[in-house]
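With chain R's structure known, arrange chain L on it following the hints.
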Amino acid sequence: MTYIAKPRLHHPTLTRNKVGYTRRDYEGAISTLCAGCGHDSISAAIVQACWELDIEPHRVAKLSGIGCSSKTPDYFLGNSHGFNTVHGRMPSVLTGANLANRDLLYLGVSGDGDSASIGMGQFAHVMRRGVDMVYIVENNGVYGLTKGQFSATADKGSRSKRGVVNSDSPIDLVSIALQLGATYVARGFSGDKQQLVPLIKGAIEHRGAAFIDVVSPCVAFNNHAGSTKSYEYVRAHNEAVNRIDFIDLAAEQTATVAPGGFVDVPQADGSTMRLRRIAEDYDPTDRIAVMNTIAERGARGEVVTGLLYVDPAPQDLHAHLNTVGTPFNRLSDADLVPGQRALDALNRALR
Amino acid sequence: MNAPLDARTARTAATVRPIAALNDFVVKFANVNGSGSASANELFAKAILRMGVPVSPRNIFPSNIQGLPTWYEVRVSEKGWLGRRGGVDMLVAMNPQTWDRDLKEIEPGGYLFFDSSKFQPKEKFRDDLTSIGMPLTEICNATYSDSRERQLMKNILCLGALSVLLGIDAAEIETLFSEQYKGKERLLDSNVKALALGRDYATECLEPIGLRVERRDAVGDRIFLEGNSAAALGAVYGGASVCAWYPITPSSSVAEAFTSWCKRFRHAPDGTARYAIVQAEDELASIGMVVGAGWNGARAFTATSGPGISLMTEFIGLAYFAEIPVTIVNVQRGGPSTGMPTRTQQADLLACAYASHGDTKHVLLLPEDPTECFEHTAQALDLADRLQTPVFVMTDLDIGMNTRLCRPLQWDDAHRMDRGKVMDFEMLESGRDFGRYLDVDGDGIPYRTYPGTHPTRGAHFTRGTTRNAYAKYSEAGPDYVYNMERLLKKWDTTKSLVPQPVERRAAQPARFGAIYFGSTSPAMDEALEVLEEHGVPLDTLRLRAVPFPDAVKAFIDRHEQVFVVEQNRDAQMRSLLVNELGIDPARLVPVLHYDGTPITARFIIQRITAAAVGGVRAAAARRTGGAD
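In order, the protein sequence lines correspond to chains R and L. Per my numbering, residue 1 is the first one in the first sequence, and the count goes up by one each step. Per my numbering, residue 1 is the first one in the second sequence, and the count goes up by one each step.
With the rest of the complex left out, here is chain R (with noise of 0.2 Å):
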């Protein structure tokens, strides 16, 4: 971790974004996780997509689990409300913030371990759900806080800092995802801050349940020779099905017809997903082909990163559960109590 305190001043000839506030605005308290820690570029990338789309920091709600992973959200978005929940369970409560006011931005960040050991069955029903969020993996395939203990993610045979060999078949997340319903699936990792901040974007952007798997070493625990999550074995194996542009309509107009290497995607709100094809024929619109792809690739030892699939005219549970525009906590006592003359009603028919 660092010691060095922020600077409070910043220079006054930081670029503002369209709401007025400067990358600066976006940060958190300083990071007290390991130097190097592929988990801190997220936050950074976190930091970056928020401010490139003109997202006033406030009106975000950070929720997060327990571990490395999930203290993260104190690190970045200072100004926006933060829950580390427990263990396991911050998808429910992020369903349950997300229901009380569907006007706010909810960025939900997890572990390895919190969402696919402990947290594996509410990881499984809030993407089923289709809640709208964005749900960042910080996926190192280790317990960093409690020191190196093998997660669900971890791949069989990858071998420990102690030198115990993992015999325990991998859960990948984003294959669980696509399988239950996720409308916008991406695999990132922590190096690649250019496919990052896109895939972060866009996730933003998409009106439904979004996840994304993002490779983040631990350089502590995880990044070692025999490891499968250590920064030269994801390099080595990585496999990018496209590069994403994420293109605001109303800034980028003219970018709408794309060269022969691009595929647009629309999105529910009018704006437009670009994805640069670097592999043949991949279309992140066909859900089976996406699962056959991941397999595919995945039984090859491969690492498929970049936006795996995406639902372009997603639902969400607010839509499914039919709910009313105002969010519910600002519905008044006349919005929500019948009153005594209802209840005169019912006592008669109750007698």
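Worth flagging that the hints you see were computed from the coordinates, not collected in a lab. Treat the hints loosely; a few may be bogus.
[Unchecked claim] Derived list of chain R stretches under chain L, where covered just means 3 residues or more per stretch with a C-beta under 8 Å from a C-beta of chain L:
#1 72-85
#2 228-239
#3 315-325
#4 328-339
[Claimed, not checked] Here are a few chain L residues that sit away from chain R, every Cβ distance over 12 Å (derived from the structure):
#5 W99
#6 D100
#7 D169
#8 E185
#9 C205
#10 R212
#11 E226
#12 W261
#13 R266
#14 F315
#15 P341
#16 D359
#17 D443
Glycine is no exception: its CB is placed at the ideal position from the N, C-alpha and C atoms.
Just chain L now, kept in the frame of chain R:
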């Protein structure tokens, strides 16, 4: 219709007089689950109620959908006693499986009504009962061709016969039919015909009996309602917009009733819903959603029972420590573990009062009947916001799943939701100091802010880890102690905000007191009157909440000994009184009923009489220097 005639005409032995009772008896229906008996039984109870005579019905049912035995016990009591009396004056034996044990429960001189279509050997009967056989199956088989109709109409035929035997006004039943089958003329017609068929048979073939219902005006403006439905309505009136739940007996009907009430009361003119109900994947998720919604400023609740509480405890600890409003309706059933899912108990008191690891204390509300289920659930949502903590509504199966005669529901239209201490944009903008866990008013309750309120002020990181008064992570001893002491101060503040206990003084000066709560109320009301007649006057205090307001200690201090009547094995409320108020345990005498059936007045009378007499003897022995 030949062989059973013997049984039908069987009379009681000359030595035992048949019971004669007017508007004061117990009829028990022994049925097979899933046979359609439930609605006919309810009609029976409701028809008597419409005649102005109070009744209290109780379902005694298995954890089963079809096939296992189920019972419906109706107590008719002109005096208005609504507790279970104990004993049965008339058994309607419709289940051969349970015949032997059912017959044992009938009081000497009582009545046995049975289906005489199938021969029953003479030794299967008791000669101190009046046995009344009616060939229900034969009549139905002769009248109806559809097998389902044969089964269902048997219940209505039976109802018809009983109405003649007991003097229940057929017009009341017909009115109930017409309300129930409004717009379903064919069903209405067939039910009316079946009723007449039963009545005709009884009038022609059955002899009058000693149990009678006569019209009175003893019901007044009271209503007939189930506790779970009432609690759900309380959640609507309390302003709950989020309900997250997981099905579990006996609480499922709370969420189901909330769904129906919301469909009726909570749709905006454009049809959109001012509520969200999520059936979660488990109780951990249901409480998690409630915590999330509460954190974000919506009123939210869950309903569950014992095993659900066990699963929720980690989140309950988080809500206590991070100070998030949460309302939990706990419809208690028999524990531990899966226990007796369809039986009643008050055995989750300690599990809820101190739920979760570390030092925790939780607010419990203790409704006595459906009306209080309504009131307490609505109030719980206010208290949860005011106190920023979990609030439990501790009802039970006896209240929750039985229809009970109770006060009509009332609402003060001037009441506004108490959202507690929330700093809004203007307050933050004005520059007021905001410390999420700072005790600014001296009542232990800090201010909170809803996410998204102000661009630069009021945001903080909510967590289960320790922190200072400004919500910054801190494991410093003084920060931790400040917070824990403040939570205790909040606990003290709570005492004056919760429903206060109800005290009742005996007509004559009483040496003994009795403390009770929840579903024990009706049995206690009745026991008190009898005990007073027996020369054991008792002052009573009905608890309505934990933490205990000051009046509770004062009550105990005024009495030599205090009986604590509760429905669990380990005297959990007594432990709470000892623990929270520092009472000498010797002064609190436990009276415990925990076999899964609702406590009866008979039980209370017997235990308290024995203990009171024993206590007097022991005290006399002490005075004379003798051994206890």
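Comparing the hints with the structure gives:
{"no.": "1", "hint": "72-85", "in the structure": "holds (count 10)"}
{"no.": "2", "hint": "228-239", "in the structure": "violated (count 0)"}
{"no.": "3", "hint": "315-325", "in the structure": "holds (count 7)"}
{"no.": "4", "hint": "328-339", "in the structure": "holds (count 9)"}
{"no.": "5", "hint": "W99", "in the structure": "holds (35 Å)"}
{"no.": "6", "hint": "D100", "in the structure": "holds (38 Å)"}
{"no.": "7", "hint": "D169", "in the structure": "holds (16 Å)"}
{"no.": "8", "hint": "E185", "in the structure": "holds (21 Å)"}
{"no.": "9", "hint": "C205", "in the structure": "holds (34 Å)"}
{"no.": "10", "hint": "R212", "in the structure": "holds (23 Å)"}
{"no.": "11", "hint": "E226", "in the structure": "violated (10 Å)"}
{"no.": "12", "hint": "W261", "in the structure": "violated (9 Å)"}
{"no.": "13", "hint": "R266", "in the structure": "violated (7 Å)"}
{"no.": "14", "hint": "F315", "in the structure": "violated (6 Å)"}
{"no.": "15", "hint": "P341", "in the structure": "holds (23 Å)"}
{"no.": "16", "hint": "D359", "in the structure": "holds (18 Å)"}
{"no.": "17", "hint": "D443", "in the structure": "holds (24 Å)"}
Hints 2, 11, 12, 13 and 14 from the list above are not met by this structure, while the remaining hints are.
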